[in-house]
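Q: Sequence:
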Amino acid sequence: MTFDQAVLFALFAAVFGLLLWGRWRYDLVAFAALLAGVVLGVVPAGDAFSGFGHPATLVVALVLIVSAGLVRSGAVFLITRTLVDSARGLGAHIALMGGVGAVLSAFMNNVAALALLMPVDIQTARKAGRAPGLSLMPLSFATILGGMVTLIGTPPNIIISAIREETLGEPFRMFDFAPVGGAAALAGLAFVALIGWRLIPARENAAGASEAQLAPYIAELTVGEESGLIGKRLGELDDEAEKADVAILGLIRDGKRRYGRSVAAILREGDALVIEAEPEALDEFRSALKLDFADAARQEKLTAAGEGLELLELVVPETARIRGRSAQAIGLSWRQSAVLLGISRQGRRITHHIRQTKIEAGDILLLLCPRGRSADVADWLGCLPLAARGLAVTSNDKTWAAIGLFAAAVLAASVGLLYLPVALGLVAVGYVLLKILPVAEIYDHVEWPVVVLLGSMIPLGAALDSSGGTALIAGALTTLTEGLPAWAVLTVLMVVTMTLSDVLNNTATAIVAAPVGIQMADTLGVSPDPFLMAVAVAASAAFLTPIGHKNNTLVLGPGGYRFGDYWRMGLPLEVLVIAVSIPAILVFWPL
1 MTFDQAVLFA
11 LFAAVFGLLL
21 WGRWRYDLVA
31 FAALLAGVVL
41 GVVPAGDAFS
51 GFGHPATLVV
61 ALVLIVSAGL
71 VRSGAVFLIT
81 RTLVDSARGL
91 GAHIALMGGV
101 GAVLSAFMNN
111 VAALALLMPV
121 DIQTARKAGR
131 APGLSLMPLS
141 FATILGGMVT
151 LIGTPPNIII
161 SAIREETLGE
171 PFRMFDFAPV
181 GGAAALAGLA
191 FVALIGWRLI
201 PARENAAGAS
211 EAQLAPYIAE
221 LTVGEESGLI
231 GKRLGELDDE
241 AEKADVAILG
251 LIRDGKRRYG
261 RSVAAILREG
271 DALVIEAEPE
281 ALDEFRSALK
291 LDFADAARQE
301 KLTAAGEGLE
311 LLELVVPETA
321 RIRGRSAQAI
331 GLSWRQSAVL
341 LGISRQGRRI
351 THHIRQTKIE
361 AGDILLLLCP
371 RGRSADVADW
381 LGCLPLAARG
391 LAVTSNDKTW
401 AAIGLFAAAV
411 LAASVGLLYL
421 PVALGLVAVG
431 YVLLKILPVA
441 EIYDHVEWPV
451 VVLLGSMIPL
461 GAALDSSGGT
471 ALIAGALTTL
481 TEGLPAWAVL
491 TVLMVVTMTL
501 SDVLNNTATA
511 IVAAPVGIQM
521 ADTLGVSPDP
531 FLMAVAVAAS
541 AAFLTPIGHK
551 NNTLVLGPGG
561 YRFGDYWRMG
571 LPLEVLVIAV
581 SIPAILVFWP
591 L
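Per full-length UniProt numbering, the sequence shown starts with residue 1, numbered consecutively.
It is worth saying that the hints were derived from the structure and are not from the lab. Every residue gets a Cβ at the ideal spot worked out from N, C-alpha and C, and that includes glycine. A hint or two may mislead.
As a list, the in silico PhoX-like pairs of lysine-lysine whose alpha-carbon atoms are at most 25 Å apart [claimed, not checked]:
#1 K398 / K256
#2 K243 / K232
#3 K290 / K256
#4 K290 / K243
#5 K256 / K232
#6 K243 / K358
#7 K398 / K127
#8 K243 / K127
#9 K398 / K435
#10 K290 / K398
#11 K127 / K290
#12 K435 / K290
#13 K290 / K232
Simulated restraints, written as ranges between beta carbons of each label pair [claimed, not checked]:
#14 A92 / A401: 30 to 36 Å
#15 V415 / E170: 18 to 24 Å
#16 H352 / K232: 24 to 30 Å
#17 E240 / G404: 51 to 57 Å
#18 W380 / V415: 33 to 39 Å
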């Protein structure tokens, strides 16, 4: 072992020890290790920050931006309403979402599949009142498992196929991976849905806890001129209201609140529905039924600026301009181009038209205003903004445009027309040009600690490879397995490949481990195909850490996980994958 190899092995051991300890945040530990590698001379200074421009790092950042665009466009609401029931038990929800994620991952890149389903899972967790961390890791693992089934599901399969073509003259075909990968995926999905999720540490969702302290808003939404609700009874909307977790309290017609809930009333143009809901649920309900924020005149003034809209929550102090007056009386709409959507009054009912209700000190107001005007509106009203909690307005008129762009990018990347980071970058640009995502908010959706973690670890992994550290491991592996039966050699190869994949990028692992597998097959005088198949499955089965696979990295921030959380479910899952894959390989790919 050379000096450089010894230093790098020591650095990796220190990084993983500190990350498992959990006292310091993972991005700080990784970045400090990278700098230590540069100072000690084992990482070239010119390559120190190459990880921040690495495709894996860019894909993680772009996927988070694209996911935000899918949420903002209403695409996630569309999937949630048709597919997911928040009343379903957690195990059943994980089984459903995991199954859908696995099927999607078989026919599209598994990172793109997670990008589509992750916002759906987060929305469902919000509705069910549970922390998203209970279901995001199982969803990530399910999409990784599904990618093992086909050639295009995950990059290691494509690499293994290319190496087979170079070595044996013929690549693996589209579904050659299905017998082994499908068996591993089915067993893994069953484990994740029945047992695995129970092993995830339960933590309180900090965001959810703070939001729970706020009472729901009493709000109004208007039936527009071309609404499909015209002619329907108000009571017919109860099912959609239940799906969105809102309560329809009544109806306002011609400026007057009708008696009771008016469930039998036939809806007309200009009617206003009185609703009790949280802001996100209110926006989902509005998007689902294509309701307007206000009457035609106020809505037109609100959207005239064309820069998009933003939600604002304000607390009314004793000294506020609006205290004791209504939004209509002070001319909120025509003076500030803002609309009062709702009022939260500590659970007390509001019986008047929202814009005609006199505001009291202590009320919390939910306002809609042109993007960039929130500070001016708050100052003019003399109210105090609440801490931002990521509220956004869904652009439901752009739902299919957002889905079409995303689907086109995934298709282009799947058939090789576009490189995946380029395809996702084009989607992000398209979302900005279509005003689905405001350009000022683009970088707010990136989990920067995750980017620093990946950008720091990739150069360290590359240095381990270039220093001969991975070749040293391969040589030791060949010596270790000398004289063992073929199934035992396959098992050792899978264990070592999985271990490498948990430390290195899974693409790099496939490149390093595939030649080792071919060399082992030659030594034993058997077919290399079972060894290549073992490498393909093991390189994708990176479940012990958040850095081995991009999907695990993607859920690290949104799930509120720590570095040491992954092995709890990941270790038994990796053991199960090996136990299922070895017999499947020996049956479907005879030695």
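Q: Please go over all the hints and tell whether each is borne out by the structure.
A: Here is how each hint holds up against the structure:
Distance hint between K398 and K256 is unfulfilled; the C-alpha atoms sit about 33 Å from each other, more than 25 Å. Taking the CA atoms of K243 and K232, the gap is near 18 Å; set against the 25 Å cutoff, the hint holds. Restraint check for K290 and K256: satisfied, since their Cα atoms lie roughly 23 Å apart, inside the 25 Å limit. Restraint check for K290 and K243: satisfied, since their Cα atoms lie roughly 15 Å apart, inside the 25 Å limit.
Between the alpha carbons of K256 and K232 the distance comes to roughly 20 Å, so the proposed pair stays at or under 25 Å and holds. Among the hinted pairs, K243 with K358 is inconsistent with the structure: their alpha-carbon atoms are about 31 Å apart, more than 25 Å. Note on K398 and K127: the hinted pairing holds, with a Cα-Cα distance of about 24 Å set against a maximum of 25 Å. Simply put, K243 and K127 have alpha-carbon atoms about 9 Å apart, close enough for the 25 Å limit, and the pair holds.
Between K398 and K435 the CA atoms are separated by roughly 9 Å; this keeps the pair inside 25 Å, and the hint holds. Between the alpha carbons of K290 and K398 the distance comes to roughly 12 Å, so the proposed pair stays at or under 25 Å and holds. For the hint pairing K127 with K290, the CA-to-CA distance comes to about 20 Å; that is within 25 Å, so the pair holds. A hinted pair counts as satisfied when its Cα atoms are at most 25 Å apart, and K435 with K290 qualifies at roughly 18 Å.
With a C-alpha separation of about 14 Å, the suggested pair K290 and K232 falls inside the 25 Å cut-off, and the hint holds. Range check, A92 to A401: Cβ separation about 33 Å, and the 30 to 36 Å hint holds. At roughly 20 Å, the beta carbons of V415 and E170 sit within the given window of 18 to 24 Å. Taken as a hint, the range 24 to 30 Å holds for the pair H352 and K232, whose Cβ atoms sit roughly 25 Å apart.
As the Cβ distance of E240 to G404 is approximately 25 Å, the hint placing it in 51 to 57 Å is violated. Hint check: W380 to V415, Cβ distance near 54 Å, so the stated range 33 to 39 Å is violated.
Comparing the model with each numbered hint stated earlier shows that hints 1, 6, 17, 18 do not hold.
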